[in-house]
Structures are given as C-alpha cells and as structure tokens.
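Q: Protein chains in written order, with my numbering: chain F, 33 to 376; chain B, 33 to 376.
Hints should not be assumed to be uniformly reliable.
If chains are identical, the list can't say which one is meant, so a pair holds when it fits in one copy or spans any two.
In silico EDC-like links for lysine to aspartate or glutamate, alpha-carbon gap of 16 Å or less [what the hints assert, rightly or not]: (1) LYS220 / ASP336; (2) LYS279 / GLU305; (3) LYS160 / ASP111; (4) LYS279 / ASP304; (5) LYS160 / GLU56; (6) LYS160 / GLU331; (7) LYS160 / GLU103.
These aren't lab readings, by the way, just hints derived from the structure by calculation. Quick caveat, the model's predicted, so the values are computed rather than measured.
Protein chains: 2
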Amino acid sequence: MRATVMYGAGDVRVEDVPDPRVQEPTDAVVRVLRAGICGSDLWPYQSMPASEQGRRMGHEFLGVVEDLGAEVSGLNRGDLVVTPFVWADNTCDFCAEGLQTSCRHGGRYGFDDVDGGQGEAVRVPQAKGTLVRLPVGEDSALLASLLTLSDVFCTGHHCAVTAGVSPRTSVTVIGDGAVGLSAVLAAKRLGAEQILLMGRHTQRTDLGRRFGATDVIAERGEEGVQRVRALTGGDGTHRVLECVGTKQALQTAFGVARDGGVVSRVGVPQYDEGPIGFDMVMRNPTLTGGAAPARAYIEELLPDVLDGTIEPGRVFDRAVNLAGVPDGYRAMTDREALKVLIRA
Amino acid sequence: MRATVMYGAGDVRVEDVPDPRVQEPTDAVVRVLRAGICGSDLWPYQSMPASEQGRRMGHEFLGVVEDLGAEVSGLNRGDLVVTPFVWADNTCDFCAEGLQTSCRHGGRYGFDDVDGGQGEAVRVPQAKGTLVRLPVGEDSALLASLLTLSDVFCTGHHCAVTAGVSPRTSVTVIGDGAVGLSAVLAAKRLGAEQILLMGRHTQRTDLGRRFGATDVIAERGEEGVQRVRALTGGDGTHRVLECVGTKQALQTAFGVARDGGVVSRVGVPQYDEGPIGFDMVMRNPTLTGGAAPARAYIEELLPDVLDGTIEPGRVFDRAVNLAGVPDGYRAMTDREALKVLIRA
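If we strip away everything but chain F, and leave its shape as in the complex, we get (with noise of 0.2 Å):
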C-alpha cells in the first residue's frame, strides 16, 4: 500500500509500504478514509535529523474495519470506525480513569511495527479498547467532523477540562491554530461566556469567533498581557488554555490568569523548563493538561457532532489525496493552509 514516510526535516514522501495483516488476535485492520495533518507532526517536519529508515506519520483517522483478530469483539467488518490518536486497552486502571494515554498495553501510531494514519490502511492493535464505531456511512458529510474526535478537537476539549471551564468561569485561549479554536469550541460548549482568543491571523480568529470567541487579542508578550487584564478589570480569567508550546505561550499564559487560576497547556512544549518560579507562588496558580486521552472523550462528544450543534470539521481548510500530503505539510508549516484533510 501507499503510506506516508518522514525521513528527515522538510523530507515527506508517499512510498509503498508492506500491507497492513493482523497479526495479534486483538488487532484490526483499518482502511483509512480520511486522516490529518495534526500541528504536532509540523514540529519533526521542521527539526527531524536525516534518517535512512524514516518513520511513519500520522496519528489522526477514521476508516472502514478490513479485517479482525479472532479477540476483538464488538466489531465488525465494514463497520465506520474512528481511532483516538494512541490506541489502549480500554480496560487496565489508567483507562478506568479516564487517562487512556497512560494505558498498560497502549502505544503510538507510527512506531513499534504499528502503522501512521497517513497512509491506505493501519494495523490497529488493541482494536476493541481503541475505535469507536460511528453510525454514519463513508460518503457522510460529517467526516471531517467526525475526523476531529480522533485528535484536535478531543485535544481542545482536555484542555477545556483539565482547565475547569465552565459557565463560572472567564477563559483566555492562547493561540489561533487547529487546537487553539478547537479548545475555544470545547469552552463554549461547556459554557464559557467570556472566552478571549490570542491570536493574530484573521481568517483564523473569524473561525475562533464563530466558535464562540468574545474577543480577539492580536497584541503579544506583555502587551497581550496587559490587553487581556484591561478586558478583564485589571485581574486575567480563571482559566488559560495554552494551545501553542512555545515557552512565550506559556509565559503569557500565567500573565494572563487570575490568581487562583488554573493554566492547562495541551500544545506540544518546545522547552525544557517553564518559568515556574517564585513570582506565581503568591499568586497560587495551577498548571494542568498534557496529552489529551481522546477516547475518554469521543462518546461524549459523539452525539453534538453528529446532530449538528458543533462544526469542529472547519478547522479543515483544505483538502489532498496521499500524493498531496508532502505538499499538505509544506503548506500548513507555510502556514498557508491551518489544518489538512487526507482524502486516502
């Protein structure tokens, strides 16, 4: 099959790799339907050595149940299926809580002899713990949608909850990228009335304010700090959501919330060390969030999806089959495009 390949910075290709065949009793085979570029693969795309091997990319996807290991119940061939982007067992004690990224028998697509999601077909180990059934057929308009469980808009929504959003709260979303209007969408869903966007590229704060942004700080550093306090009486909001990675983003982050406050961060950190230190002790804040465990969150969010009320699908704005991805990657690094659609 085809199947997407990084082998260094700015290196992406579309090559034939070794078809996807059960080989644990738990496995499934999954053909992909549509899969995404997620902001996270920008970063090796921007800094990974030159590699002879390569890996193989993508986490995000959605597709058509091929083929079943003898122990995966609950599915069936032909079935629609969405993956969270690790697959887990759905059953050990850190899936039991709700941290499914933390799973006894979990692990990464794209690595150890698993398949990216940017290609024809995955092997999906842990099949019955890991995908999700959806109830709607491969020609749906919802894909896209759909797609977002698998990755940015469950990640959106950790941050949202990790956070502590809720109607009692003012929330602050720092960045304008796929997961920072993913995680203003997740705070209007849970009932923020003020949610502030940070970011500086219009077309995207649009989409943030149709998501439900209040405003829109394109200032940054302490001058975006000091914008926010000056929307907020002089005092920052409860919660920050940190969709960025950037030490920067961080910084601004404690800047901008209330004492008390809590700052979750779901962007992929691009620093070792945070400033963290004794300036916040007095001011008591709380820093949360990590890798968002999407399947604690897809039957949940399931439902909004498909009857309509959220559109988290129009982070998507645009579209390429396999062959197109390598340029999918230079556009959105380009910043071109925000986030892209594979049509496999």
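Once you've looked at the hints, dock chain B against the given chain F.
A: Structure of chain B alone, referenced to chain F:
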C-alpha cells in the same frame, strides 16, 4: 519595644523599634505571646544583601489584643488571637473564594510600615478580617500547636488540599522540614493511607512516622525516585507534596508522581524555571500549590488542635526568648533545630 531586624545574610539583631499603635480604624495592636521562625525566613538569612535600614522579621505569631481601631468589630481587648501569615480583609472576592493570600486589601507582615511578628507587639491591619480568636488562656499548653495555624500547619494542609489528598490517594511528601512534616500530618488527617516521606534526618523522619508516614525514603534524586516507584508497584503516588523548594526536589516530585497525578508545592521556589517540558506531557501531571491562604483554614483546623486530635506544635523542638532569636536563626540554618518557638 524590642523586635527582630535582619540587616543582611547572617545578621539578625533584636533592637529597639517604635511601639506600634493603631493608625487606621481597621487596625489592632497585638502583644505577641508566641512567634515562630519560618523556613522561609532562612532564605534571606542566607542571601540577603547588607542593608542599612534592615528588614523587620516574622509572620507567624499569636498574642493578646491590646488596642483596637474604631471599625474593628468582633474583637475585644484581652482576646487571645492568632494571625494568618498574611493579613486580609476576608470580605473581597478573592477572600470569599478562600484565597486570602490574594486579598485586594491585604499585605505581608514586615513590609510597608507593618511590624514583623518576631517582636513584642504588632500593628495588625484589617484586624477584623485577619485575626481569629482562640478560646484558651495565656498559659495554655496548646499555644505551640495553635501557633502552627499561623503558617506552618496551614501550609502543609494547603499542600495536601490543593493536591487533592483523600482516602483514595497515595501520597509522597518530599522534605522532612517543619512544612514537610506538617504536610504528612495534614495528609493523614485527610485520610491518606499510604504516605511516603522522603527525608534523611532520622529525628525528623521519626516525627514524620508519628505524624502518619507509612514509609521513609532516605535516598535522593533518581535513587529516591526508584525507591518510591518500588514501593508503589512501579507507578509512583497519586499525590506529591513538594515541601522543599529546590529544583531537584521538584524534579523528584515529578519523578514520583503517578501518571495523571498532582504535584503541589509550598516550599519557596529557589529557581526561576522548572522542569516542565516535553517529557511530562504524555504523563498528564498537574502542578499546583503556592502560598497558603491560612485564613481560609484556621477555623476548620482549630477544633482538631483544641481537642488534641492533632499536635502540629510538635514541629517546634527548641524555644527561645526574644534575645535568643539570632541564635534561633543560626540553629535552624545549622539544622540543630527543626523549628524554633519564640516566647516573646
């Protein structure tokens, strides 16, 4: 009156200062009966640049109301009272949320023409909101334990509360200083059944065991992390109470935290940046804590002290009079004394 003034690292003097008097109608003057030397007093003792003016010291004290401003209701001359280590109006929105450390009209002892607690008397601003009456006499045997409500036990309690310690959580406490031991006692009081205390001073960890520690880990750094993991089936504990304040202690805290767990820190951070980068993201830890709003906890904890259920005053293992305060600083710095009680 006599009071403690620090003129630089290692230079603590007890000398004559102006007698406090009511300046604002919201003030009270409190004659100090008992005061404490705090671990946080030792940081300037080790690093304060020489100063001609000096700095008034002390923020943990209890005593007797000597005088009251016209607007202070609910208190009478002769009342025995304890103060939280920051004063607060206890009516603003932050106070109403239990975050008196961020009070809109609050402040710190020893700054802005407010006395420190390590002296004969203190002008207490916002006395009505700040001071809590204690139903005991000046000769009560409970004074040492009641004094811990001013800071150290409330700080340990804040650490445990913000971490979310409960009967269902395992706990690691990092640090066998007075705050760490208080955190052990607080965790035990909140129902934790497994409490691992990381510390290497046997006298102190023995008190930790009396306070409720189930295991003591003397190893530090990576070795200490491995030891905690060995005691917890490889997983680490749900809650980690970081009561030291160094970067190494914070690193250890993240190392011993179970995935999805909470690290709360109440030691004064001796670092500007901390290890919160990529490695942590897949594990979803939360970092919380900060300066304890002791005022929010005093009424809740007071009954357990009064009826002897808990004896947090056991952290005081040396008593001095005012003249002995400089030697008290030295003794704590040299780790001769765990915590010094001042009989003013």
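Q: Could you run down the list of hints and mark each one as holding or not?
A: Results of checking the hints against the structure:
no. : hint            : verdict
1   : LYS220 / ASP336 : within (13 Å within a copy, 43 Å between copies)
2   : LYS279 / GLU305 : both (8 Å within a copy, 11 Å between copies)
3   : LYS160 / ASP111 : within (12 Å within a copy, 67 Å between copies)
4   : LYS279 / ASP304 : both (9 Å within a copy, 13 Å between copies)
5   : LYS160 / GLU56  : within (12 Å within a copy, 70 Å between copies)
6   : LYS160 / GLU331 : within (14 Å within a copy, 52 Å between copies)
7   : LYS160 / GLU103 : within (8 Å within a copy, 68 Å between copies)
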